[in-house]
Amino acid sequence: MQDLLRVEHLKKYFANQKAVDDISFSVASGQIFGLLGPNGAGKTTLIRMITGIFYPDSGSITFQGKPFDPIHDVRHIGYMPEERGLYKKMKIGEHALYLAQLKGLPRPEAMKQVKIWFERLEMQSWWNKKVEDLSKGMSQKLQFVSTVLHEPKLIILDEPFSGLDPVNSNLIKDEIHRLAQNGSTILFSTHRMEQVEEICEHIILVNKGEKILDGTVGAVKEQYKQNHFRLGIPAQPDDLLSQAPFELIRKGEREQIVQIHEDKNTNDVLQFLLDRSIPIRSFEELLPSLNEIFIRLVGDSPTARQFQIAS
Amino acid sequence: MNKTFIIIQREYLTRVRKKTFIISTLLFPLLYVGLIFGMGYLAESSQQVLNIALIDQSGYFSQAILDQENSTDPSSKVSLISEKAEDVLRDPEAAGFDGFIRMPALNWQKGNDSIWLESKKSYGSGTTAAVQAKLNRIWSRIKNDSLSIDESKQAILQGSQLSIRPRNLEDENTNANLAEVIGYIAGLLIYMILLIYGSQVMMGVMEEKTNRIAEVLVSSVRPFQMMMGKIVGIGLVALTQFLLWIGFVFLIYNITKATGNGLGSASAMVGAMQEVITGINMPLILFCFGFYFLGGFFFYASLYAAIGSAVNEDLREAQSLSFPVTMLVIISIALMTTAIANPTGPIAVWASLIPFSSPIVMMARIPYGVPGTVPWWQLGLSMILLVLGFLATVWFAAKIYRTGILMYGKKPSWGEMLKWVFRKS
Numbered sequence: 001m002q003d004l005l006r007v008e009h010l011k012k013y014f015a016n017q018k019a020v021d022d023i024s025f026s027v028a029s030g031q032i033f034g035l036l037g038p039n040g041a042g043k044t045t046l047i048r049m050i051t052g053i054f055y056p057d058s059g060s061i062t063f064q065g066k067p068f069d070p071i072h073d074v075r076h077i078g079y080m081p082e083e084r085g086l087y088k089k090m091k092i093g094e095h096a097l098y099l100a101q102l103k104g105l106p107r108p109e110a111m112k113q114v115k116i117w118f119e120r121l122e123m124q125s126w127w128n129k130k131v132e133d134l135s136k137g138m139s140q141k142l143q144f145v146s147t148v149l150h151e152p153k154l155i156i157l158d159e160p161f162s163g164l165d166p167v168n169s170n171l172i173k174d175e176i177h178r179l180a181q182n183g184s185t186i187l188f189s190t191h192r193m194e195q196v197e198e199i200c201e202h203i204i205l206v207n208k209g210e211k212i213l214d215g216t217v218g219a220v221k222e223q224y225k226q227n228h229f230r231l232g233i234p235a236q237p238d239d240l241l242s243q244a245p246f247e248l249i250r251k252g253e254r255e256q257i258v259q260i261h262e263d264k265n266t267n268d269v270l271q272f273l274l275d276r277s278i279p280i281r282s283f284e285e286l287l288p289s290l291n292e293i294f295i296r297l298v299g300d301s302p303t304a305r306q307f308q309i310a311s
Numbered sequence: 001m002n003k004t005f006i007i008i009q010r011e012y013l014t015r016v017r018k019k020t021f022i023i024s025t026l027l028f029p030l031l032y033v034g035l036i037f038g039m040g041y042l043a044e045s046s047q048q049v050l051n052i053a054l055i056d057q058s059g060y061f062s063q064a065i066l067d068q069e070n071s072t073d074p075s076s077k078v079s080l081i082s083e084k085a086e087d088v089l090r091d092p093e094a095a096g097f098d099g100f101i102r103m104p105a106l107n108w109q110k111g112n113d114s115i116w117l118e119s120k121k122s123y124g125s126g127t128t129a130a131v132q133a134k135l136n137r138i139w140s141r142i143k144n145d146s147l148s149i150d151e152s153k154q155a156i157l158q159g160s161q162l163s164i165r166p167r168n169l170e171d172e173n174t175n176a177n178l179a180e181v182i183g184y185i186a187g188l189l190i191y192m193i194l195l196i197y198g199s200q201v202m203m204g205v206m207e208e209k210t211n212r213i214a215e216v217l218v219s220s221v222r223p224f225q226m227m228m229g230k231i232v233g234i235g236l237v238a239l240t241q242f243l244l245w246i247g248f249v250f251l252i253y254n255i256t257k258a259t260g261n262g263l264g265s266a267s268a269m270v271g272a273m274q275e276v277i278t279g280i281n282m283p284l285i286l287f288c289f290g291f292y293f294l295g296g297f298f299f300y301a302s303l304y305a306a307i308g309s310a311v312n313e314d315l316r317e318a319q320s321l322s323f324p325v326t327m328l329v330i331i332s333i334a335l336m337t338t339a340i341a342n343p344t345g346p347i348a349v350w351a352s353l354i355p356f357s358s359p360i361v362m363m364a365r366i367p368y369g370v371p372g373t374v375p376w377w378q379l380g381l382s383m384i385l386l387v388l389g390f391l392a393t394v395w396f397a398a399k400i401y402r403t404g405i406l407m408y409g410k411k412p413s414w415g416e417m418l419k420w421v422f423r424k425s
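Residue numbers (my numbering), protein chains in the order written: chain A, 1 to 311; chain B, 1 to 425.
Hint data in this document are derived by calculation from the structure and do not stem from the laboratory.
Using N, Cα and C, we set each Cβ at its ideal position, and we do this for glycine too.
A hint or two may mislead.
Stated by the list, open to error - Ranges between beta-carbon positions, derived for each pair:
1) 24/A to 290/B: 53 to 61 Å
2) 17/A to 391/B: 52 to 60 Å
3) 212/A to 212/B: 47 to 55 Å
4) 111/A to 290/B: 55 to 63 Å
5) 24/A to 408/B: 34 to 42 Å
6) 174/A to 212/B: 43 to 51 Å
7) 75/A to 9/B: 16 to 24 Å
8) 212/B to 262/A: 27 to 35 Å
9) 286/A to 408/B: 38 to 46 Å
10) 408/B to 75/A: 25 to 33 Å
11) 19/B to 174/A: 40 to 48 Å
12) 223/A to 212/B: 34 to 42 Å
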């Protein structure tokens, strides 16, 4: 797959901080890509450079194989910022049309797209309502539609689920998957790790303006796994466990969480249990959550604590 | 379609469709006319008759002559008091008077310049002047009698005058009084546009910033396009309002002209309008009005846009930051008054060349006549400087806007905003 977006050695310094400090990554065409990091890590600054709002201090952005040209390429980018906004007094239909036209769609084409999307998300009856009369979930839907209706090749969503109820959240999630299947590339920025694990194929993790992790979700988990397993056996006496090829991490009545010793493997564990006729109900590998990995990477710093609370 | 044009279209249409626009466009002329007539009516009806006691030690004044004068000018009633003068002196209000005049012994050849109208309440110089004029008419008759000037001689004395009026060599049509009125109106209208529509631009930018729609827009269009779209859109709203008002005036003019002299006041208005149209160079004034209106609007609106982009939702922040800009507009009005009094004086000339005041001051000077009062070179230079001036403020504002529109948090000072302007991008 060809890379839709390639970012190389991007830097943006503000007067008192290094907002983005030498970050490189690439996003393949049709991928759902996660940009993770705590609040203040530099995600928004990074996105603002990719959307042409800020010029980088140094580094390069390549879009569709050519150097990024903000004036022409914004036509192919849809950006939903974290801080969302709409004109309160405008009618919904007109609002969607207006934003589509600003993206460069001619009016008839914009009209067609708005109608298609309003129908898909069951918003036709809202056309003449004013934005100020919408509920929060409804205006989020409108915002999402405005972001994608010019059929952008790259869709950038900054915290798309914040403030959405589960129903609308799932609706948007389905749309994200559908868009990706139809060939759009999605860059998804968030500090909520659990959402990323469900949706994203590839992630990068930034902290304090630097990239600290890059890879597919599976590979990252594989890389940071600690040989933890969930073992469906009754609680065992301590003297028995001292001979086992694993360490008991958490004790339970019906299941135990264990860490296998480094020189041993899963079969050694099963062998050990079978030899002693201990009934096994289940045996399952436990991969670390991205959240745990992040905390391990940045240590118990104030950022990490903030992160833990946030997620 | 150009994106700036799409923004202009939205800014224009949302404002023109608003009820407040339609109402204010219709109501403003009504209010204006109402205010003028209402003030005249109030001034007439609220006038009280001033009751003045005259304690005469000169012997020149008699009740009969005073009564005659009181009936020609009923705004005050002067009565001769001879008995109970003590009571009046002690407390004029208890004795039924608003005040009193102690007339000392007088010499008809010299008069007296230290006579007081004494009262408990304070009266303005206008009130005293009316009483003074009344007593002076009697005094003139006394002088005339003493000099044996009969009525025919008096008529000569009063009627035969040398009257000097200004007339410009280059444009004979100029009527100084008319020019003054038109100058005032044009200057004040531009002043109003700058303040009202300038602050609309500021509020519009603040709305986009606090609604957080700015970031959505800025990923589709350049900040410069956003700013210019807003300024031009709102400028067109102001222009529309003006064209509608001018349209009303001409409509009323033509209707009253067609229906003939049905109403006294209406036909008087038609007469006045005809005088205005023939008395001044209307096409030139309208052209200049359009030019200075747009130039001044761009000059100030871009500054207001910059301020709107720099502040947060707090209106007080916006007010304190926009104070220096608003001051410039108000200073211009002060300069305009000077320029109308002396349209060729150095203050008038300089203030009509410098861009910040030229829209208001030059518009006040132009009705006096081009090229008589305002030479062509001054008009040309003023226009060029205004164009350069607004290009500079637009450039300056665009730099602030670009940074400010995405900046949240503490309100920046003018110093910080200047730093944004001169920082490399």
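Going down the list of hints, with the structure as the test:
Checked against the hint of 53 to 61 Å, the C-beta distance between residue 24/A and residue 290/B comes to roughly 55 Å, which is consistent with it. The hint said 52 to 60 Å for the Cβ distance between residue 17/A and residue 391/B, and at roughly 35 Å that hint is violated. Distance hint check: the CB atoms of residue 212/A and residue 212/B are about 29 Å apart, inconsistent with the given range 47 to 55 Å. Under the hint 55 to 63 Å, the C-beta atoms of residue 111/A and residue 290/B, about 36 Å apart, miss the expected range.
Judged by the Cβ atoms, the range 34 to 42 Å given for residue 24/A and residue 408/B is violated: they are separated by roughly 29 Å. Between residue 174/A and residue 212/B, the C-beta spacing of about 26 Å breaks the proposed range 43 to 51 Å. At roughly 19 Å, the beta carbons of residue 75/A and residue 9/B sit within the given window of 16 to 24 Å. Range check, residue 212/B to residue 262/A: about 51 Å between beta-carbon atoms, so the 27 to 35 Å window is missed.
The beta-carbon spacing between residue 286/A and residue 408/B, approximately 42 Å, falls within the hinted interval of 38 to 46 Å. Against the hinted window of 25 to 33 Å, the Cβ-Cβ separation of residue 408/B and residue 75/A comes to about 28 Å, which satisfies the hint. Separation of residue 19/B from residue 174/A is about 41 Å and conforms to the stated range, judged on CB atoms against 40 to 48 Å. Separated by about 38 Å at the C-beta atoms, residue 223/A and residue 212/B satisfy the suggested range of 34 to 42 Å.
In summary, the numbered hints that this structure violates are 2, 3, 4, 5, 6 and 8.
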